[in-house]
Amino acid sequence: MQTATRLMTSLRARVLASAILAGLLSACGVSNVVIEGNYPTPNINKLPLSIAVYYDDALRNFAYIEYSETGKEEYNIESGLSHMDLFDAILPAMFEQVVRIESMDQASRMSVDAVFAPAIEEFQLALPAKTKLDVFEVWIKYNMRLLSAEGDYIADWVVTSYGKTPQETFQSVEASINEAAVVALRDLASSFSLSFTQVPEVRDWLNTL
Amino acid sequence: MNADNVITNKLILAGLTLLAGLLGACTSTTVDEFRQGETGITSEESVVILGRRQASDYETDSDFVSCVGDHITRGQDGIDVIPEQEFIDAMFPWFEPRTAPLRTRDLERLMAEDVVASKINDFGIRYIIWVDGFTETTDRAGSISCTIGPGGGGCFGFGSWEDDANFDARIWDVGSLSSVGTISTDATGQSYLPAIVIPIPLIARVEANACSRLGAQLKNFVNGS
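Residue numbers (our numbering), protein chains in the order written: chain S, 889 to 1097; chain Z, 693 to 917.
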């Protein structure tokens, strides 16, 4: 009976030690930040267009890794889902009809005016610990692509967005990164929705309809 | 020198430090008003106070904007204030940092958009107040060291710094699409942190004073008094 008790105590000690070790190891690892935010519906006039939207795997699973000065992975920022939420909020306010498609082949079977396929080209993060400024900053560069239902090129243009948030005393780095990214996504939504018809290739295409 | 004298001297020193701090941790605030047009507001009308966020090196703190709004709402002559975030979300994407109007001419252009004009009318907004500024901490001096041991712990030292809050409020009349005035506030104050065993923060309430003085002045300005 005594041996069994000793064995149980030893087992508990090992489990506890393993848990502490795992905790310490995870504290030294990469910090995961999943961008989450709410995006209001834009107050703009709708274009009488039927648009299919295609999010490719690169956008769906988009993640950016920020490295420490010693080259270790510091923050893994996942923003793919948040980008999809954002476009799902703004596109129905911009166009009369919006449908989401899972592949480009699907578009050819639907009677849509165009297919919109956004792509993230670059993501940059500036942390106060590195810049010595009191703000967290996020820059994102996009390549917006507009294609015909058959997959032919209509327009292709670059949009950049920027977001910053001040460093707060009692706010975690992860929360500040999220806040700066949400500001950048709102910036994207505002510039994209207001400048869409001013893109020369889009304007030319609209004139042909 | 016996132990009682040492304790008495320490208490006197602590008392003097506290007194110096209390006297020093005061704030001086200056408010300037520049009026360009007549103002007045009815009980059906409201105002919105928005922070400027276009500058690259600072952004107007939303807590300060909401503090000014609270001061304007209070009292018998209080004015109905639309919360900043509620307004920005409802007007999306027209009042984002990149798209917000910087001049009254831009507001005129914005009001030509039916969706914008109708939303502003729904809110009953008579004045848009743009608050721009920040609080800067300068002249940090002193040092405090803390130790902890088996018999207990404690801190000893002295720290001080100066806070300077500079904020401008520009008032736009939505009815006439013109700027009707500017109110500037500048508040400065020295804060102290003496530490004799425990740190005693004597903080100058610089931003809070700037907020209450700006809020009071804005309320009078908008009411036309």
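Hints listed in this document are in silico derivations from the structure and should not be mistaken for laboratory results. Glycine included, every Cβ here is placed at the ideal spot set by N, Cα and C. A few of these clues could be false.
As the list claims (entries may be wrong) - Pulled a few chain S residues facing chain Z out of the computed Cβ check, cut under 7 Å:
#: 1; residue: Asn920
#: 2; residue: Glu924
#: 3; residue: Pro930
#: 4; residue: Asn931
#: 5; residue: Ser1036
#: 6; residue: Ala1037
#: 7; residue: Arg1074
#: 8; residue: Ala1077
Hints versus structure:
1. Asn920: violated, 27 Å
2. Glu924: Violated: closest Cβ of chain Z sits about 16 Å from S:Glu924, beyond 7 Å.
3. Pro930: S:Pro930 check passes; min Cβ-Cβ to chain Z is 5 Å, inside 7 Å.
4. Asn931: This interface hint holds because 4 Å falls under the 7 Å limit.
5. Ser1036: Interface hint status for S:Ser1036: violated (27 Å vs cutoff 7 Å).
6. Ala1037: violated, 28 Å
7. Arg1074: holds, 6 Å
8. Ala1077: Hint on S:Ala1077: holds, closest Cβ of chain Z at ~6 Å, below 7 Å.
Hints 1, 2, 5 and 6 from the earlier list are contradicted by this structure; the remaining hints agree with it.
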